[in-house]
Each structure stands twice: as C-alpha cells, then as structure tokens.
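Q: Protein chains in written order, with the numbering used here: chain A, 1 to 112; chain B, 1 to 113.
Hints were generated in silico from the structure; no laboratory data involved.
Just so you know, nobody snuck in bad clues.
For lysine-lysine, the following DSS-like pairs were computed, each having C-alpha atoms within a straight-line distance of at most 25 Å:
1) LYS71/A to LYS42/B
2) LYS68/A to LYS57/A
3) LYS42/A to LYS83/B
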Amino acid sequence: QQQVKQSPQSLIVQKGGIPIINCAYENTAFDYFPWYQQFPGKGPALLIAIRPDVSEKKEGRFTISFNKSAKQFSLHIMDSQPGDSATYFCAASVSSASKIIFGSGTRLSIRP
Amino acid sequence: EPEVTQTPSHQVTQMGQEVILRCVPISNHLYFYWYRQILGQKVEFLVSFYNNEISEKSEIFDDQFSVERPDGSNFTLKIRSTKLEDSAMYFCASRRQGSYEQYFGPGTRLTVT
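Bound conformation, chain A alone (with noise of 0.2 Å):
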C-alpha cells in the first residue's frame, strides 16, 4: 500500500511532442504528489508538486493531472525538448514530515 507505481518504464518522444508519464497509488493517506528529475550522475531535483485538493498544476512546459478518485497522477511535458531528456520519477509522502516514497522511474528521451 506504500507503493507508488509508475509506467512507461521508458518513452522516446521527438522533439516538439508532449511526453506523458502516469503513477498510482493506494494508500489514501498521501497528501503531496512531487515529480523529480534526474539527470545521469546528478541527485533528483524536484520539478513540480500538487497536493490532492486541486485537479491540475502547471508550471512553465510541465503540467501535473491528478485525479483523486481514481488515485492516479501524471506528468505532461509540453514542447518537449532534447534536454529534457532524463529519468523522471513521482513520488508521494504523507505529511511534511514523512519520507519520501518514489515510482520506479521513466527513462525519456527526446529525439532531436
């Protein structure tokens, strides 16, 4: 129930189109749905969040849906870029104090 699952495993998109990566989760008790970054060598860097209580969040070319009835949330990147291309992860927590439980990752690549 602590699981947060995550799907494509990897997605090759060309440049200038709109990458989308879902998750779902279980356990009610989340309440803050952050998606990380990471590129190859480097730590996650956190991107966008959203709490349960709206349904979208946009900032710059990503865009969070979260749909808190079917518990599932997922990432738009809008005009992808090559540099975009990196592994992205959700994640979810319980709290502000809780830790931080992440998806299994989605390798993008943005093809030129």
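Keeping the supplied structure of chain A fixed, place chain B upon it in accordance with the hints.
A: For chain B alone, coordinates are given in the frame of chain A:
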C-alpha cells in the same frame, strides 16, 4: 541558490570496512534524510532525522547504519561494516519547517569491493 552538498562524490571501500558519508544540508533546513539508489533502480528511503534524533527509518537501515549531526552544519551516514550490496548512490536531502519540499544533494557513489 542554496544547495545540499555531499562528500565525497565517489567512495571505494573494501567489504567489512567502515565508511562515513557526509552531507551539508541547506542552512535553514531542520529535517534531514538519507536515501539510496542502487544502479538503475528507484530511490529508496533510509532514514529521517529531526531535532537530533531519528524520526523514521526503513527496513534497510539496520544496526550497521547510523546517522549523526556532529555540529551545526554536517549530517553524516555511517556504515559500520560494508557489504557488497551496500554499493549504491547515497543521497542526502533536507527540508525546512512547514514545507513539503525535500531538496536532494548530488549524491555519493559508494562502491564496495
């Protein structure tokens, strides 16, 4: 912009040896965490630390692991007797009071031979 820093970037050690991984959290943050990532796998929580004591720890964080905040700036993870399966990237993270956002350091790659 303030960052979490970690040293060393890469540590090679022999099985059975002790290692200490060091982190300097962001200065006004009060909550500290260690995570690890085995090559190609997801990031896993190890331990959280607040007010000079462990708040929560995972099953991975057994008696071979310990954490310490020896002074006002450093946060360390010690592995007493390393095993081959401890080889991983170890990430430190920190968070300020009242925020959900955890900021990660660049990691220490630990290789146990």
